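Asks: Sequence:
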Amino acid sequence: MTSPFPLFYILLLLHHAPPSLADPTPAPGGGSWSLLLPSIGVSAMHIQLLPTDRLLVYDRTDFGNSNISLPGGKCRPNSTDCTAHSVEYNVATNSVRPLFIVTDVWCSSGTLRPDGSLVQTGGFKSGADVVRVYKPCELCDWEEIPSMLSEQRWYSTNQILPDSRQLIVGGRDSFTYEFYPKTSPTEKSLSMPFLRETTDPNMENNLYPFVFLNTDGNVFIYANDRAILFDYVQNKVVKTYPNITGGEPRNYPSTGSAVLLPMRIVQGKVESVEVLICGGAPREAYFNANNGTFDKALDTCGRIKISDSDPQWVMETMPLARVMGDMVLLPNGRVLIINGAGSGVAGWELGRDPVLTPVIYHPDRPVRSRFEMQKPSTIPRMYHSTAALLRDGRVLVSGSNPHDKYEFSNVLFPTELSVEAFSPAYLDPSLVGLRPEIMSPENRFRVQHGQQMDIQFKVSNPVDPNLVLVTMVAPPFVTHSNSMNQRLLILEGDNKAIETGEFQYKVTVTVPASHNAAPAGSYILFVVHQDIPSEGVWVHIQ
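When the letters of the sequence shown are read in order and numbered with mature numbering (1 follows the signal peptide of the UniProt record, and there is no 0), they come out as residues -22 to -1, 1 to 520.
Be careful, since some hints might not be right.
With a Cα cut of at most 27 angstroms, we get these calculated DSSO-like pairs of lysine-lysine [as the list claims (entries may be wrong)]:
id : residue 1 : residue 2
1  : Lys436    : Lys383
2  : Lys113    : Lys217
3  : Lys113    : Lys160
4  : Lys160    : Lys103
5  : Lys217    : Lys274
For the record, the hints were derived by calculation from the structure and aren't laboratory data.
Predicted model only: the values in this text are computed from it and were never measured.
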C-alpha cells in the first residue's frame, strides 16, 4: 500500500524520532562524503575560512618541497625550494592559488580580524616572533612583520577580544600571554603561572591550550587537566574550576578537542555558557608511543557550565575513542566530531588506528542519547588534519601528515593533500522542501551590536513558525584539533516566522548587544527550520 505521506515527511519523522536511552551508539549511516580535489599541493596543517568564501591553507616551510610550485619562477630565499607552502582554496570554483610565505609557520596560531584579514602569529625558530597578515583579494599575498611578538610563540592559542585585539596565550616554554596589536612599542608579555603549573615535565600536555572568551569579558583557559577563568586586564585568576573527572590530559600532545557550546540569547543576555572537551590520551601515552606502545585514546567528554556559581564536570562516553579529533559547530547547533586516531598521541608517527567515522553530538538531548554516528570516510585523517564549516553547510576536511616531510609511499599513513567534504544529513536531497533560502539581507551585509534585523526567507513546503531559529557562527582558525575563536549564537527574536507571501516568511531577530558575547567581526548567519539550515550569508558586526 502506498504511504499517504511524501517521502521527505517520513524522513523528517525518522530524523526527529526520540532517541532510545538504551541505544547510545546507533549504527553509522548519517551524512555523505565527496572528494573535492585529489590534491591542493600542500597538507592542510592550518586553515581559516575567510569572508570571501575562500579557505586560507598553510603547512610548515622548513621540510622541503611541497607539491605545488610558486608562480612566476619564484623560489624561497637562499634555497632551491621553489614550491608554495600556503594556498588559497576557492570554494566556489574548487580551485587553488599558490601563495608565498617565507618565515616558518609550523605549529602557529591566528585570528580572523574584524576587517576580514587573518593575523597569524608565531611559529618555529626564525618565525616564532613573527606576525603575518593576509588580506583577502584577488592577487593578495602574505605580509610578514618580524619581531612583532614579545617572545617566541610555538604551539600557542589566540582569542579575539571585545576590543578587537587578540590575546595570545602560552606556547612551548612560554608561560606568559600578550596582545596584538600592542598599545605601545614597549608593551611586553605578562606572566601566567597557571601555564607553568600545568606543564608536565616529561610531555608538557598543556600546549595549544583551549581558550574561550566568556560573556563576562574574562577568558576560560583549559590546559592539561584543569581550567581557570582569567582576567587578562588585571592579570589575575577569577575562578579556579575543578580538575576534569579522571584527571587525564586533553591538550597537545595528548590532543583532545574543545568547543564552546551554542549560546542562546534570552532577554539580551546569554542563557548559559558551557564548554565541551572530548577525547585525548592517557597521561603515559606519549612516553609509551615513543617506545612503540600505542595506548587507546580517551573515549570520554567533559562538559561544564563555566557561568555557574558552582560549576562541575559532567562526564559522557563517546561511541568511539578519539585523539586528534576536530570539533565543528554546525548551523543547527549540533557538534560534529571528526578526524583523528583511536590510539597513540599527536606527533610524528605516534598515532594508530584511524577513526574514519564522524559523530554528531546533540547538546540538548538527555545524557546517554547525545551521540549519533555518521557515514565513515575512506581517507585516514591523522596528525595535522583539519576541518571547517563552509557557508553552504558542508564541512571541508583536509590535511594529515604524520611525517617530518611529505611521504606518499612505504609508510603506514601517507601524506594527504586531498580535500573532501562531509555533508551532514540536513543536506540530504530528500529534505530540500524543508530547507530555507534566505532572500534578504544579501550576502556580506553590515550590522551594529544591538541592531534588529528582518530576515526574509522562503521554503517550498509549509513552515512550522515555532521551529525556526536564526544562528550566527564565527569561523575559527583551525590547527592541531584546536578551533580558535569558534562560537555559535542563537539569536533572540520573536521566535516565530511570519508568513509574508506564498511560501515566503519573515523572522525578526536582534544582533547581540554585548561585545563579550559577539566580538566585532565576520559571522555566517543561517535560518534553521526544523533542524535544517539554509545556506548562510556573511554578516559583519561593526
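Asks: Evaluate each hint against the coordinates.
Replies: How the hints compare with the structure:
no. : hint             : verdict
1   : Lys436 to Lys383 : violated (50 angstroms)
2   : Lys113 to Lys217 : violated (38 angstroms)
3   : Lys113 to Lys160 : holds (20 angstroms)
4   : Lys160 to Lys103 : holds (22 angstroms)
5   : Lys217 to Lys274 : violated (33 angstroms)
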